[in-house]
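*Asks:* Sequence:
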Amino acid sequence: MLVFEFKAYGKSAQLTAVDDAIRTAKFIRNSCIRLWMDVKGTGKNDLQKFCAVLAAKFPFAKELNSMARQASAERAWSSINRFYENCKKGIPGKKGFPQFQKDCRSLEYKTSGWKLADNRKSITFTDKKGIGRLKLKGTRDLHFYQTDQIKRVRLVKRADGVYVQFCINVNRSENIEPTGNTVGLDVGLKEYYTDSNGKVIKNPTFLRISEKVLKRAQRHVSKKIKGSINRKKARQVLGKRHLKISRQRKDHAVKLARCVVQSNDLIAYEDLRIKNMVKNHCLAKSINDASWYQFRIWLEYFGKVFKRVTVAVNPQHTSQECSSCGEIVKKTLSTRTHVCKCGCLMDRDENAARIILSRGLGMAGHVGTFMLDMSNALGESTSTLVGEIQSVQVGS
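Heads up: take any position in the sequence shown, counting from 1, add 480, and you land on our numbering.
No lab work stands behind these hints: they were computed from the structure.
Incorrect hints may appear among the rest.
[What the hints assert, rightly or not] Across the chosen pairs, the derived CB separations fall in these ranges: (1) Glu654 / Cys762: 38 to 48 Å; (2) Lys735 / Gly707: 36 to 46 Å; (3) Arg696 / Thr619: 28 to 38 Å; (4) Gln698 / Thr619: 28 to 38 Å.
Ideal Cβ positions, reconstructed from N, Cα and C, are used throughout, including at glycine.
With the hints as extra help, turn the sequences into a complete structure.
*Replies:* Okay, here's the thing in structure tokens:
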């Protein structure tokens, strides 16, 4: 599934209609959550039927396309099903009980309620919300895909305007020549990552660089009167600042992950629990600014696209174990050089990256690059699933 995003342009009345449609979708989702709370045994089909009841009872809900109402009910069921799955798995702590949505910023249509222009430069929403025709501007070309391949159309509201996303049912796959290289990655805060070959990528620290501008924008918001137009404008400026940082992080992660995957046949990295790591309030801001999880997601995605092996290994003792003899050498966080009695002397992160690579090769069941070349020649996709915790990554 590919997702193409375009900036949407329209009159102020059309953008107001988009806001109204998003509020309606939020109302339907929250109503479905309330039905599930009140009526025991409510299932997915019951929520779909409840959409018709809401449309008959509330005129503003009837104005929204029927499939858009069903998509909102599916969002409600997704949160309910996630809660059920967490309970079955016995996850400690909070299980993610479904909550009522307060701030909704997107609306999803299925295969009806919209019509794409022949030149693919505008889209018309045909329901009774009054959105009408919106011009599209972006770098993607929709002429390569048929209309029936577009399974979902989303309206997304951000700080700098409204965007339209097209979810296209097509599998992306590219064939490139095997390189015969393997690499292990050790992510960090000072260096974005250090690989097993000693190559170091500096951390861009986008949030730290823009922190002064963010604080100034936040002060402007605090000084304005609540509910005033000036406060609304100040909030919009603050939102644009945060949006820029978010886009910088994504752009950096995408380009770096693509480069790493194209240059190596096997990529091993740590299976870090970011959610637990950010509980350290001294490092939480720096960890979130590094966006390790986003980098991992794109590594796994490009691994599937280019048919490369991506392996997440257990991070336990990767910084303490010696890559030469396997001896455990205790080190504090301030100790940046690995010194072992066997004579191994190298940077701490490079040593950890070598340990990660050796564990990744063991988990993948590959010895050398012969099996890697065979896997690529057969066209087997051995990349791991995005966000999945691996017990066994790939078959040998």
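*Asks:* Determine for every hint whether it applies to the structure shown.
*Replies:* Right, here's what the structure says about each hint:
Between Glu654 and Cys762 the C-beta distance comes to about 42 Å, which sits within the given range of 38 to 48 Å. For Lys735 and Gly707, the Cβ-Cβ distance of about 42 Å falls inside the hinted range of 36 to 46 Å, so the restraint holds. One distance hint, 28 to 38 Å for the beta-carbon pair Arg696 and Thr619, holds here, with the actual separation near 32 Å. Gln698 and Thr619 have their C-beta atoms about 32 Å apart, which keeps the hinted 28 to 38 Å range intact.
Figure legend: structure checked against the earlier numbered hints; every hint is met.
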